[in-house]
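Undergrad: Residues per chain are reported as follows:
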Amino acid sequence: MGTTTTAAGWRHTGTSAGLRQSLRTLAASVMMATTATAAIAAPSTEEVNTTGLAVTDDTVTVGILHSLTGTMAISETGSVQAEKLAIEQINAQGGILGRQIKIIQEDGASDWPTFAEKSHKLLERDKVATVFGCWTSASRKAVLPVFEKDNGLLYYPTFYEGLEESHNVFYTGQEATQQILAGLNWAHEELGAKTFYLVGSDYIWPRTSMKIARKHIENVLHGKVVGEEYYPLGSTQFGSLINKIKLKKPDLVFGAVVGGSNVAWFKQLNAAGLTFKKQPMLTISVTEDEVLGIGGENVEGLYSSMKYFQSLDLPGNKEFVDAFKAKYGEDAVIGDVTESAYLGPWLWKRAVEAAGSFDVDKVVAASPGIEWDTSPHGYLKVDKNHHLWMRTRIGKWKADGQADVVWESDVIEPNPFPEGYQ
Amino acid sequence: MGGYTGEELTAIFLMQGFSGLSLFCVFLLMALGLAIIFGQMGVINMAHGEFLTLGAYITYLTSYLASDVWPFLFDYYFPVAIILAFLGTFILGYLVERFLIRFLYNRPLDTLLATWGLGLILQQIFRSLFGPREKSVVMPDWLMGSYQATDMVDIPLNGLMVVAITILLTIGVFILLYKSRWGIKVRATTQNRTMANAAGINTDRVDRLTFALGCGIAGVAGAAFTTIASTGPTTGSLYIVDTFLVVVFGGAASLLGTVASAFGIAQAQSILSFFLSGSMAKVITLMTVVIILMFRPQGLFASKVRR
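In the order they appear, the protein sequences are chains A and B.
According to my numbering, the first sequence is numbered sequentially starting from 1.
According to my numbering, the second sequence is numbered sequentially starting from 423.
Quick caveat, the hints were computed from the structure, so don't treat them as lab data.
Accuracy of the hints is not assured; some may be wrong.
No more than 35 Å apart at the CA atoms, straight line, and that leaves these computed lysine-lysine pairs for DSBU-like [as the list claims (entries may be wrong)]: (1) A:LYS277 to A:LYS84; (2) B:LYS704 to A:LYS277; (3) B:LYS704 to A:LYS249; (4) A:LYS278 to B:LYS704; (5) A:LYS149 to A:LYS211; (6) A:LYS211 to B:LYS704; (7) A:LYS248 to B:LYS607; (8) B:LYS704 to A:LYS396; (9) A:LYS224 to B:LYS607; (10) B:LYS601 to A:LYS141; (11) A:LYS277 to A:LYS362; (12) A:LYS384 to A:LYS277; (13) A:LYS215 to B:LYS704; (14) A:LYS278 to A:LYS327; (15) A:LYS327 to A:LYS141; (16) A:LYS149 to A:LYS398; (17) A:LYS194 to B:LYS607.
Remember, it's a predicted structure, so these values are computed and weren't measured experimentally.
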């Protein structure tokens, strides 16, 4: 472990208490350690790669698997950009175990069987050490059997519905309870919400999320769900729904509408005189990326429950935003998922260095307990269930497309299989 | 409906009526162009949605120019955008007919494939030019918000705009097809091409203009939709299924049928989604249409032309 590169803000509670202590005392010598790695010869390839991965004496190959074409390209572009940025930064710091990261990028084309096929190719033909990718739950479910069969490694960035835990996947976004429960508690306490109207697009993520939300509202908050509605993906007509909301007058509309529907939904809400001042609304599907398409003037006053907002005033975030803008232009926006995607390569780097090996099983074993104080969204910790401990924040959108963070939770333990919520 | 006052129910009834009306206008607007191309010419234009998207992007560009380059024009850009959207899609439609469609008349399956391919090409062009993310068209103030008729009744201004555009466009198309000399030529050509040719009508030219007109109308629809929905490379594909549904259900060759079918489908969907949920409303509407078409494959209003 002597030659491990440590960047500022990293800790590891998983290996041993002694190591954690020594890392703390070594915090001052971080810079020295960084320069030292370059000088010391990298560990030999036979030593760090016993399973035939694409690792040479000076490179390691990883895969990026997102939709570059098709309907999901809108959403996945940001993730690709963040992953590439992180990898570029890691390479500039000297790479991982003395090896530069090479990327093989594949296009999932918004088509789930294609995702499975491409992950097959990345794992079996290219022998990549890890894959950063997938966005929708459907694409993750499609590649999961491939990763489990070939014992690959996937870093999955999107906040999702939970109810999953795989040896081969790390989930760098929120699972459902982290995003939903804290958000609803906040609405209950701060806005005094007792009646709720649940609205979502009609597929697995909104439906599972709303199921959890309903249980929480009814059993924990002792509030009332006055309506629950799903609209097909791509719906652009919400007139009738808006009238129903006007009739029921809930204290809070809790929303998970995605994609092109999102734009129509907010434009029509606004046009129907249902401004967020009159009708408070909390959503788990709107990030800076979506606001770009919806238009800031249409979401002014809307609340989002997320772990990350571009406007977060944290040292780690300032660095990240500056680097992102330097690479992708001053107008680039960063949403919650984009930030999650940025975490992937860094968490992998940290785990590989802790394991001293690229072997998937060793990297997986070394991952739980990794802590990062200065990630863009602040403190995080990798749990043994492969999800992250993190804070949830409530952001209130402004007309310029950025959010004011109005509330922040404590660090929340990930719980992908919440009891009493299924 | 326990627990609601009469005033509340009246207000909801009014607003629900309006939301049905605006859905009807949306359906009619997107189907009108296709009704001309598919109904009058028999060309299955799978790229119809992309012409709609092109209209939306032209509106986006105009709004961008108006807000960033000539801010003093901002309040008035929308009518200009509609005209530009019409011209842009009209010209593209004209070129497409001239260089692609006219080689494929009487080969419906080939036109279907060719126009589908054209749609994909256009989608990718939009993606390369404007990026994969959706664009927000900034509306002038007079198009934002709602008109408050009473304390409880809010009528969306952008909905009113769509209704107005639809009425003007529909009247225009009817006059053009049934009251103008050009309309006579179009109908003559669709009814019997050989005889129309013999009577001295330049049917090639008529075809080209008809196709271009259908595309131009799609462009106007796209411009109007920027006020209520999203603008992205794949926006058109959100509309294409509904569009064909409306045209086929109405009876391919009949404009009146298109109007009637748009009205029926819109009202059914609007009312059902008020009492049931959005997804169920769609399922029931689609099922009803399929069942009616099984018994009446020619659609609601069949044309009595012998072919």
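Undergrad: The structure should be examined with respect to each hint, and the outcome stated for every one.
TA: Results for each hint:
{"no.": "1", "hint": "A:LYS277 to A:LYS84", "result": "violated (40 Å)"}
{"no.": "2", "hint": "B:LYS704 to A:LYS277", "result": "holds (31 Å)"}
{"no.": "3", "hint": "B:LYS704 to A:LYS249", "result": "holds (25 Å)"}
{"no.": "4", "hint": "A:LYS278 to B:LYS704", "result": "holds (29 Å)"}
{"no.": "5", "hint": "A:LYS149 to A:LYS211", "result": "holds (31 Å)"}
{"no.": "6", "hint": "A:LYS211 to B:LYS704", "result": "holds (22 Å)"}
{"no.": "7", "hint": "A:LYS248 to B:LYS607", "result": "violated (55 Å)"}
{"no.": "8", "hint": "B:LYS704 to A:LYS396", "result": "holds (33 Å)"}
{"no.": "9", "hint": "A:LYS224 to B:LYS607", "result": "violated (63 Å)"}
{"no.": "10", "hint": "B:LYS601 to A:LYS141", "result": "violated (58 Å)"}
{"no.": "11", "hint": "A:LYS277 to A:LYS362", "result": "violated (52 Å)"}
{"no.": "12", "hint": "A:LYS384 to A:LYS277", "result": "violated (42 Å)"}
{"no.": "13", "hint": "A:LYS215 to B:LYS704", "result": "holds (27 Å)"}
{"no.": "14", "hint": "A:LYS278 to A:LYS327", "result": "violated (40 Å)"}
{"no.": "15", "hint": "A:LYS327 to A:LYS141", "result": "holds (32 Å)"}
{"no.": "16", "hint": "A:LYS149 to A:LYS398", "result": "violated (46 Å)"}
{"no.": "17", "hint": "A:LYS194 to B:LYS607", "result": "violated (65 Å)"}
Going down the numbered hints, you'll see the structure goes against 1, 7, 9, 10, 11, 12, 14, 16 and 17, while the others check out.
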